[in-house]
Amino acid sequence: MNQAPQFRDELIAAIPGLRAFGISLTGRSDRADDLVQETLMKAWKHHESFQAGTNLKAWLYTILRNEFYSQVRKRSREIEDADGAHASRMATPPEQHGHLDMSDLKTALAELPDDQREAIVLVGAEGFSYEEAAEICNVAVGTIKSRVNRARTRLGHLLHLENRSPADPDVFLPPRVKSM
Amino acid sequence: MAKDRRREAKPSKSPRQTDKTMSPFRHKPDTLPADDLIGRKLREYYNEVAKEPVPDRFTALLDQLEGKSAAKKTP
Numbered sequence: 002m003n004q005a006p007q008f009r010d011e012l013i014a015a016i017p018g019l020r021a022f023g024i025s026l027t028g029r030s031d032r033a034d035d036l037v038q039e040t041l042m043k044a045w046k047h048h049e050s051f052q053a054g055t056n057l058k059a060w061l062y063t064i065l066r067n068e069f070y071s072q073v074r075k076r077s078r079e080i081e082d083a084d085g086a087h088a089s090r091m092a093t094p095p096e097q098h099g100h101l102d103m104s105d106l107k108t109a110l111a112e113l114p115d116d117q118r119e120a121i122v123l124v125g126a127e128g129f130s131y132e133e134a135a136e137i138c139n140v141a142v143g144t145i146k147s148r149v150n151r152a153r154t155r156l157g158h159l160l161h162l163e164n165r166s167p168a169d170p171d172v173f174l175p176p177r178v179k180s181m
Numbered sequence: 030m031a032k033d034r035r036r037e038a039k040p041s042k043s044p045r046q047t048d049k050t051m052s053p054f055r056h057k058p059d060t061l062p063a064d065d066l067i068g069r070k071l072r073e074y075y076n077e078v079a080k081e082p083v084p085d086r087f088t089a090l091l092d093q094l095e096g097k098s099a100a101k102k103t104p
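These protein sequence lines map, in sequence, to chains E and A. Sequential numbering from 2 applies to the first sequence in the numbering used here. Sequential numbering from 30 applies to the second sequence in the numbering used here.
Careful, some of the hints might be misleading.
Claimed, not checked - Derived Cβ-Cβ restraints for the label pairs, each shown as a range: (1) E:Glu132 x A:Glu95: 28 to 36 Å; (2) A:Lys101 x E:Asp105: 22 to 30 Å; (3) A:Lys101 x E:Ser77: 13 to 21 Å.
Claimed, not checked - These stretches of chain E come out as covered by chain A in the derived footprint (C-beta under 8 Å, 3 or more residues): (4) 12–19; (5) 35–43; (6) 106–115; (7) 125–137; (8) 151–158.
The hints are simulated quantities; they were obtained by calculation from the structure and are not laboratory data. Just so it is clear, CB atoms sit at the ideal spot from N, CA and C, and this is done for glycine as well.
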């Protein structure tokens with residue numbers, strides 16, 4: 002089957018976003034790029050099974066996400082990175098955030114459970130609709146909505162935004178939280 | 030505005046809350062005031078990576094895959 006040059010162009014166009022999604026899943030750009038590599042190979046191999054005119058972007062993200070979780074299952078007994086920020090399982094219960102500096106969104110995202118983090122990254126950062134995000138994560142639209150809402154609430158709390166006005170000039174500089 | 034924040038414990042559909050610069054996003058969910066900031070931070074986070082040029086390893090991979098596809102077609 003002829004792989005139209007257009008398919009290659011569409012894959013290339015999707016790479017930056019896929020890398021960003023990979024980083025949100027793995028916490029590491031090297032692992033994220035490995036995921037993207039796997040995704041491109043699978044997409045190329047399964048090009049015939051992709052229906053032209055349907056959502057290529059969502060299809061690619063689904064492949065990447067499935068590859069990530071399949072690797073997580075394989076790694077589930079391995080020790081993750083020393084800092085554990087993106088452990089394959091949530092090592093830290095959500096409540097124990099007080100000792101971390103939450104000035105960084107990436108740090109705050111790492112505090113979310115996997116399902117909330119991927120939902121809010123897909124909808125809030127990658128620009129997918131709820132319906133598309135539901136398709137990628139293989140859950141109902143309502144489930145995605147509730148995960149996004151919970152993620153928003155949690156991020157607001159972690160970033161100390163809940164008692165601040167958007168007009169507050171300090172709002173991008175939340176107070177440093179002292180280590181315990 | 031403090032008064033608005035207290036009233037806006039429930040999601041608000043005020044036009045003032047719609048940020049037209051977010052137009053690439055097809056669906057803007059009902060938001061609390063903090064969410065515009067969260068949305069902005071999320072997109073900043075996304076853009077940090079997305080603005081990087083596509084690494085060579087990926088274009089090289091696609092070249093390689095294309096080369097293999099072409100080779101298969103030629104008897």
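- Which earlier hints turn out false for this structure, listed by number in ascending order? Structure breaks hints 2 and 3.
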